[in-house]
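Student: Take a look at the letters that make up each chain.
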Amino acid sequence: MSWDQVFELIISILTTQTGMPNLVFKQVVMMAVAFFFLYLAVAKNYEPLLLVPIGFGIFLVNFPLAPLMGYTESGHPELIRAFYKYGVEWEIIPCVIFLGLGAMTDFGPLIANPKTLIIGAGAQLGVFITYLGTLLAGFTLKEAASVGIIGGADGPTTIYLTAKLAPHLLGANALAAYSYMAMVPLIQPPIMRLLTTPEQRRIKMRQLRPVSAREKLFFPLIASVLIILLIPAVAPLMGMFMFGNFMRECGVVRRLSDTAQNALMNIVTIFLGLSVGATMQAEAFLSLKPLLIFTFGLLDFIVCTFGGILTAHIMNFFLTEKVNPLIGSAGVSAVPMAARVSHSEGLKADPNNWLMMHAMGPNLAGVIGSAAAAGMFIAMFQ
Amino acid sequence: MRLRWIRINAIGRCLLWATATFVALAGGALAMGVSGQDLEKPAPAFSAETDGWAAELIPRGRSTQVRIFFDADGGTLAEPSTRDFSDTSREGVDSKNFKTGLFWLQATLPEPGGRVKLMMRSDFFTSGTRWYVFNPTTMPLWQDAGADSRAQGPTLRTLSLTVVDGGPLDSDGRIDGRVTVIGGPRDSFWGYAIGTLFIRFFGIFIVLGILMSGMFASGWIFRWIEARRARPRKVEKTGPPEPGKDVPATEVSVPAPELAAAVALALHLNLATRSTASFATSCPWDASAWASAGRQGMMVARDRLFRRNPDASSNGDRHR
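Respectively, the protein sequence lines represent chains A and B.
Using the numbering used here, you'd call the opening residue of the first sequence number 29 and step up by one each time.
Using the numbering used here, you'd call the opening residue of the second sequence number 16 and step up by one each time.
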């Protein structure tokens, strides 16, 4: 073998078997995006449970020639593609996360004050306004629905709906949803202060009635019957959510409930985060649409907050016992962050105004409302 | 003035800003050509049926397949095919309105200059569906062909169109014993989008409103049950009545849970050292053998309950 041949072989190996010569500028940009999200998660503690796997997923899939998101020669999915295909594409992971969320949720505040369900419905205003805005921007009906649901501030619902309707937008939608959920304490307070007077923020609400264990046990059954009968398309999400809650409340399967809340939830979160991050490959992500999605997502959150507070104001027209309009902003889901924001804003107005449990009602109603909105959208395309 | 407490100015400002931002974003996106790609272009697959042809396709804005049947009366319909909007002029039409795309239909007539009735049938069509036809030889290029729309059953609808050879709907414009129709069913995209927007937004209020009513009803029922359980109950006197004397039933209030727990604990501690056989002998009155046996059985069961290992009752262990 001559030196020329050796040199040629080295060049061939370098160009075809190493990533270095295949690295393009767009991939470097995406790695910078990955580092940004990892920084937000690690240094700023913004939704680290999701943003760490998502950020690392983005980082990994933007290496050239890395066998992660493609298919092998025999047609089998590569590692992260397999997570994506069986977890997200088959719509399993979002539903399993809803199972865990159900097992974690105490519906007591919502059962004690069912009126707050209406606030949860009003807080979906942004979902529909954004749907219209994105249609005007030239998105397709399915894309518009999947972008609109970002304002529901419910990660698994966003992922579930996007994977079903517009899988090519999954990365951008999921990232926008989780980023803005982490930023709820920054986004919501100015809007809340803008839309309420100091007197309204000081409204004290009567302590919630105690809810018996029997009532909590029957709630998932009653809610499943009513919601799934009205919107069958939401059965996978709502069914799992209520099943998780039933396991929690029945008290005889504590081990299963504990697994759903902790081990199972953590396992699927890892796979979900990596899969979602891995959809953000440079060639698919670096376009105008993700930028628009982030902008529309922010507006979506703002309008949803507005919708929740406005609904609380409208309810006060008809109620003898007024509700504090600050709890309206908690209707955007983002459990329990949005309820905490309502609580802290209430405390700022009056140090003796404890709104946490009152805000949990619309907060939980927001989860049901955003799942219902997702079900409505799915049904629309069937 | 009654609305003074709502900060109308603030809300108005918010709405104005939100609208302006949405419009700016939408305008910017349109200008930059976000809508340039036709991501949902239907790709119909045609097959021969006993009474004509059928196309299977996923229309725009749908996730499920629909079938459209084609038939001709007064001529022979050749296999239909699909046409891209780029093959025609887009002047005056928006491809979004044509959810199923464009079809190219060709029918052979028995003699030149005749007429043929073309029919499209599907459960995807609504009463608002129109059959639009493209003809490069006429102005305007696109026109509503004025097809007759008839419902056949609860969901099926037929659009039928009479085309004259060489007439305004014949795209080839020639009297040659063959008619060509390029066009397709058209629905209003924006009408559908905005209509469904309102229906679904208020649908969420309806769904959650029904859930709220259900919760109010169930809450009322559960509270009634709880109140009923907490109410003082009539307890019959268990001892034997004195001969010849009626003993009125006494009202005994249900003790507080703490008191009951304290009594149970005291009993347990007192009886823990005794054998189970002593329950029967500690009977305070002269009971019959049946009553003694029953009482002993009950007390043994209670004793077993008191003595059980709390760890063994934790969930899951009972399945082992």
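Some hints could be false.
When the alpha-carbon atoms are kept at most 20 Å apart in a straight line, the in silico SDA-like pairs for lysine to any residue are as follows [as the list claims (entries may be wrong)]: (1) A:K244 with B:K132; (2) A:K143 with B:K132; (3) B:K56 with A:M233; (4) A:K54 with A:K113; (5) A:K350 with A:M233; (6) A:K350 with B:R238; (7) A:K143 with B:G218; (8) A:K113 with A:R230; (9) B:K132 with B:I73; (10) A:K244 with A:M385; (11) B:K56 with A:T168; (12) A:K143 with B:R238.
To be clear, the hints were calculated from the coordinates, so they are not data collected in a lab.
Student: Does each hint hold? Answer for all of them.
Tutor: To see whether the hints hold, each was checked on the structure:
1. A:K244 with B:K132: 64 Å, violated
2. A:K143 with B:K132: The hint is violated at about 58 Å.
3. B:K56 with A:M233: Between B:K56 and A:M233 the Cα gap is close to 54 Å, so the pair fails against 20 Å, i.e. violated.
4. A:K54 with A:K113: 25 Å, violated
5. A:K350 with A:M233: Distance ~7 Å between A:K350 and A:M233 Cα, so the pair holds.
6. A:K350 with B:R238: Roughly 23 Å between the alpha carbons, so the hint for A:K350 and B:R238 is violated.
7. A:K143 with B:G218: With a Cα-Cα distance of about 17 Å, the restraint between A:K143 and B:G218 holds, given a limit of 20 Å.
8. A:K113 with A:R230: 50 Å, violated
9. B:K132 with B:I73: At roughly 26 Å apart (the allowed maximum being 20 Å), B:I73 and B:K132 break the hint.
10. A:K244 with A:M385: 16 Å, holds
11. B:K56 with A:T168: 11 Å, holds
12. A:K143 with B:R238: Within the cut-off at roughly 17 Å; holds.
The structure fails to meet hints 1, 2, 3, 4, 6, 8, 9 from the earlier list, while all remaining hints are met.
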